[in-house]
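Chemist: Quick mapping for you: the protein sequence lines, in order, are chains D and E. Counted the way the working numbering counts, the first sequence spans residues 1 to 77. Counted the way the working numbering counts, the second sequence spans residues 1001 to 1133.
Keep in mind the hints are simulated off the structure, nothing from the lab. Only a predicted model underlies this, so the values are computations on that prediction, with no experimental measurement involved. Incorrect hints may have been included.
[Stated by the list, open to error] One-sided and incomplete, this derived list gives chain D residues near chain E with beta-carbon spacing under 7 angstroms:
(1) V25
(2) T29
(3) S41
[Claimed, not checked] Calculated cross-link-like contacts (lysine-lysine; reagent style DSSO-like; alpha-carbon spacing at most 27 angstroms):
(4) K1063(E) - K1074(E)
(5) K7(D) - K1063(E)
(6) K47(D) - K7(D)
(7) K1063(E) - K1002(E)
(8) K1002(E) - K47(D)
(9) K1047(E) - K1063(E)
(10) K1074(E) - K1047(E)
(11) K1063(E) - K13(D)
(12) K1079(E) - K1002(E)
(13) K47(D) - K1074(E)
(14) K1063(E) - K47(D)
(15) K10(D) - K1063(E)
(16) K1047(E) - K1034(E)
(17) K1132(E) - K1074(E)
(18) K1006(E) - K1079(E)
(19) K7(D) - K54(D)
(20) K47(D) - K1079(E)
(21) K1079(E) - K1047(E)
(22) K1006(E) - K1063(E)
(23) K1079(E) - K1063(E)
(24) K1047(E) - K1002(E)
[Claimed, not checked] Now the in silico label distances, taken between C-beta atoms and shown as ranges:
(25) Y1133(E) - P62(D): 18 to 28 angstroms
(26) E17(D) - I1003(E): 13 to 23 angstroms
(27) D21(D) - S1109(E): 50 to 60 angstroms
Even for Gly, the Cβ is constructed at its ideal location relative to N, Cα and C.
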Amino acid sequence: MENNIAKLRKERKITQEELADAVSVTRQTIISIENGRYMASLPLAFKIAEFFEKTIEDIFVPGDFNNEKTKNREDRK
Amino acid sequence: MKIIRKNLIYCGIISALGAGISVAGFYREDDLLKSIGIALVIVSLLKIAQLFILTRNDERRRKYELSMTEERIKYIASKSSSFVFYITVFCEVIAALILLVFGYVFAASVVCYVAGAQVVLYLVLYIIFSRKY
Chain D
1 MENNIAKLRK ERKITQEELA DAVSVTRQTI ISIENGRYMA SLPLAFKIAE FFEKTIEDIF
61 VPGDFNNEKT KNREDRK
Chain E
1001 MKIIRKNLIY CGIISALGAG ISVAGFYRED DLLKSIGIAL VIVSLLKIAQ LFILTRNDER
1061 RRKYELSMTE ERIKYIASKS SSFVFYITVF CEVIAALILL VFGYVFAASV VCYVAGAQVV
1121 LYLVLYIIFS RKY
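Isolated chain D, as found in the complex (with noise of 0.2 angstroms):
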């Protein structure tokens, strides 16, 4: 499972304190989310995406389902 949290934040100069501040955890959960050591659970994936105004699919991106989603995709045409 990766995510555009970092990216998103740099995007907006938001720091991790900012954001874990904003979603009520500590800034050592949004780095290990960064770096994809944690999983977020999906309440605090739901605050994550609400407060970059986003949907969760378009932060949090399920790399091997997307990679066997679009081979489907390929195989069908």
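Please build the complex by placing chain E on the supplied structure of chain D, with the hints as guidance.
Modeler: Relative to the frame of chain D, chain E by itself:
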């Protein structure tokens, strides 16, 4: 504030327990009991002091409470406890085998019963939780 209050109560209980143990140590003139009791009192009083300092600073208190309730911390704690469980059972089995080798059959059976009870309890809780979730 709720978490800090809860921790203050726990520390108070530990401190009282430590005081009780140290009094028992003085009464029985047992140095080991005295040391354990005094150590418990000192550690819990230090923790109480830390908690009181936290209550004075809103920002630090909020961060402390967050670090105690946050989902990643809970995840780490649950992972650590499951590891502790496996390691404990493994060590108990090894200890039981060593005790058997040296002929301490009764002690080995006690250790085996404890390990068995832990595994049974784990299975029971697993069944209960699997029905709940």
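Chemist: Failing hints, ascending?
Modeler: Nothing - there is no hint that the structure violates, so all of them hold.
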